[in-house]
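2 protein chains.
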Amino acid sequence: MTKIDEALELKVAELVRQTHEAKIPVMVLFEGVAAAGKSRLANELLLALDAKYTHFYATKTPSEEDLRMPFLFPYWKNLPKRGDLTLFFRSWYANLIDYKHHNLKPEIFKDHHLLLTEIKGFEKMLLDDGYRMIKFNVVVDEKKRQEHIQQTKENPLTRWKAQEFEKAIPADIYLDEMTVLMDETKDIAPWHTINYTERGQAVNEMYETLIKELEQALKDKKKKDEKKEVDGQFSEHFETDLFEDTEDEMSKDEYKKLLPELQQRMRELQYALYERKIPMILVYEGMDAAGKGGNIKRVRESLDPTGYEVNAISAPTETELSYHYLWRFATQLPRTGHIEIFDRSWYGRVLVERVEGFASTEEWQRAYEEINDFEKSLTLEGAIVIKFFLVLDKEEQLARFEERQNTPEKQWKITDEDWRNREKWDIYLEASEEMIHKTSKEHAPWVIVPANNKKAARIKALRTIIERCEERLWGVKRY
Amino acid sequence: MTKIDEALELKVAELVRQTHEAKIPVMVLFEGVAAAGKSRLANELLLALDAKYTHFYATKTPSEEDLRMPFLFPYWKNLPKRGDLTLFFRSWYANLIDYKHHNLKPEIFKDHHLLLTEIKGFEKMLLDDGYRMIKFNVVVDEKKRQEHIQQTKENPLTRWKAQEFEKAIPADIYLDEMTVLMDETKDIAPWHTINYTERGQAVNEMYETLIKELEQALKDKKKKDEKKEVDGQFSEHFETDLFEDTEDEMSKDEYKKLLPELQQRMRELQYALYERKIPMILVYEGMDAAGKGGNIKRVRESLDPTGYEVNAISAPTETELSYHYLWRFATQLPRTGHIEIFDRSWYGRVLVERVEGFASTEEWQRAYEEINDFEKSLTLEGAIVIKFFLVLDKEEQLARFEERQNTPEKQWKITDEDWRNREKWDIYLEASEEMIHKTSKEHAPWVIVPANNKKAARIKALRTIIERCEERLWGVKRY
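Listed in order, the protein sequences are those of chains A and B. For the first sequence, position 324 (counting from the first letter as 1) is numbered 324 according to full-length UniProt numbering, and the numbering increases by one without interruption. For the second sequence, position 309 (counting from the first letter as 1) is numbered 309 according to full-length UniProt numbering, and the numbering increases by one without interruption.
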């Protein structure tokens, strides 16, 4: 019988202290059939590490409540922050197998290929962002496994646990699925199979693998930090057709007549979405003072507050900065049937973060595809995603800034930062142009809203939302 | 028909900007029978405020998952941070009525008086900490309410909503309960009854109440800030009997024999607690280098990681500091059947925060009772709470510090802060003495663990936990 090598344990502890200090987020996955030794192996690792930055998350068969959120939601919620390490006891892989085996949300996940695509995108995106993913596949001799189940069954205090083992997805089905899944994902981050039949050997093997992976993580991090380049890559001249339709007109009378009618319809549609469990995500971007807040106000004015929420996005907090940039949005997604309104959004990555140099060149350039994938998953999982870009021209912005400055009760709305941003009008415009160009997809197209006339902009937004909802609810497409 | 007074709305918005800047947390409660106008009134307020610091939480009938957490857990989770404002659409009052009417967790909440006690303690504690609580009781003419329900029923898109109204707790039962509850709690923070029969009037009344309350909140805050006094109030001489039994002995052989036996029992008991859905909370406090980490390691060594978690408490983050000091613990409580181990805990309030002056005199003095109430609620709601205080004498601490300093792989464990704390040995001791004296209650007594001998300390902790679990599970009390 092999003894556990304490030197290996100490080495792992030391390396995790180093990844902690180097602010590398680490995810350690434990997959394997029930009673294979996953939990004992995971506990061994937990014991070796400092609880201050070590976390544990166990994937259970999804509850009703879980099913009201996107498939990857629990993993976004339990993502380690930079420098932390999280053990996933059963991960998104076990979750996929649960969805498939129990035929959960069949109307969405017909062939479950979508889930695999999501998993691949999720892993790739995190790895690109410097996350380290160490994947263990725990196997065990079947005779040994049966013995363990038998022991558990014989003790009256643990008998119920044995019943849980028996309720789990049958080992052969799980193993067949995992074989395919591991093969499909091994190139993103490799799988390490650990045989738990001989405990000491298994633990040592786990430690050796971790040592190799963590040492590599530290090296990669250093290399990555060295080559980080920050450049917004703006051109001197560029063309825009954003202002082509800024001249929408809307008389006061027309507005007064239309607004309550559309708002009444919005409220009905909110209830219809709720009943059918369709989530809706509204994204507002646009120039400063374009009237996003006022526009959102008209959209929500007649809504039932128990079914919608507004997320007004400010500069990220320290905590938010210690995660992947999508984290603070992905953890705020609406439950099925709910409406989430984002007043500014994840597009900050390719707007303010690009303009101000908060994101490296590689980061903001990579973001277009990440965002497209993110939104595509949302829509494929059933959400309506509508993105408004409110276009104001430069003179009108000045007029609104000055009005704010000169009206005492509006002064709080205008800050030095607004004036500074105005000086960067051209590069913001270029960033916006490129963003719209690269992220307007059929599943989530940008809706350009001329906003020189606030009333017209509000009516346009309401009409768009109503159309999209009706189209989804009853297939009515308007041209 | 009264018109909504826009000046009032603007005034409320302005005052909430001020409470935001003054970092006053505000909780606005909306209670009332179904279809009384609560949601429309709440939405009116939401529209007036800046979404950046305004939140909305709706209390629903508790799910299975909710019932696995303490009664007040959702409100801890959704507590506004300092400067934010949260609207509670149905609050802990509606929750209490739900528990009572649906007879939830009857084995714990027999006469539901416990819930009222918890509510009172919760409100008082938050108010003492500078939270503002504005409680609206929304009523409506019954004829008008029936009309609204009828309208909702007639529209095919909202019909299901009308059915929800009908499934709600009958209006007369709700009103009877609320009458008693409001009377019982009006002295903690007053109730404001708003009649929604005439909408404009109701909205204006809500705004007027908010203006009065918020103006008062700003005044109170200023007064409170002015009189803040920070004094640890340590005496020059004090007596301690903490060291009376520091001389526990334990031979290596005895330890080697006992440890695996007790650990095996721990694992069985973990499963027994899990099956019976009994949560357990273990708290570790004690001198630096007393061996808390090693002790916890022996306790968890044989546990199933899917059922326990270790919370190693560091200095609070900026986010944590922006809440009530109990927030970061109350949101980390174990689900029923789970074990939560706190390596340092809420007792930091009366230890490090008192010693270092992070808490004002009033704050740390108030904390003893708050903590007693907090732990009492936990135990009354079914948890086993065990608090260990590991006692090391001053010479032994020095020996351990020096050993850490001189052993390369242990150096990370010792910091300048440890040495600085050691200089404050006497006042830490006095704070610990007083803490133990004031918070050792029958429901959650302190267990003093002599820790000069690490092995003896570990065995004592394990034995204590096992005894307490067995006592709870089968009523075996040992003397």
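To be clear, the hints were calculated from the coordinates, so they are not data collected in a lab. Please note: incorrect hints may appear among the correct ones.
It does not matter which identical chain is meant; a pair holds if it fits inside one copy or across any two.
Said to hold, decoys possible - DSS-like, lysine-lysine: derived pairs with alpha carbons at most 30 Å apart:
1. 222 with 454
2. 52 with 23
3. 224 with 3
4. 223 with 52
5. 23 with 77
6. 77 with 60
7. 257 with 60
8. 186 with 161
9. 100 with 186
On a predicted model such as this, the values are computed, not experimentally measured, just so you know.
The hints, checked one at a time:
no.	hint	in the structure
1	222 with 454	neither (50 Å within a copy, 40 Å between copies)
2	52 with 23	both (14 Å within a copy, 29 Å between copies)
3	224 with 3	neither (38 Å within a copy, 62 Å between copies)
4	223 with 52	within (27 Å within a copy, 38 Å between copies)
5	23 with 77	both (19 Å within a copy, 27 Å between copies)
6	77 with 60	both (14 Å within a copy, 22 Å between copies)
7	257 with 60	neither (52 Å within a copy, 36 Å between copies)
8	186 with 161	neither (32 Å within a copy, 48 Å between copies)
9	100 with 186	within (20 Å within a copy, 53 Å between copies)
Against the hints set out earlier in the document, violations occur for numbers 1, 3, 7, 8.
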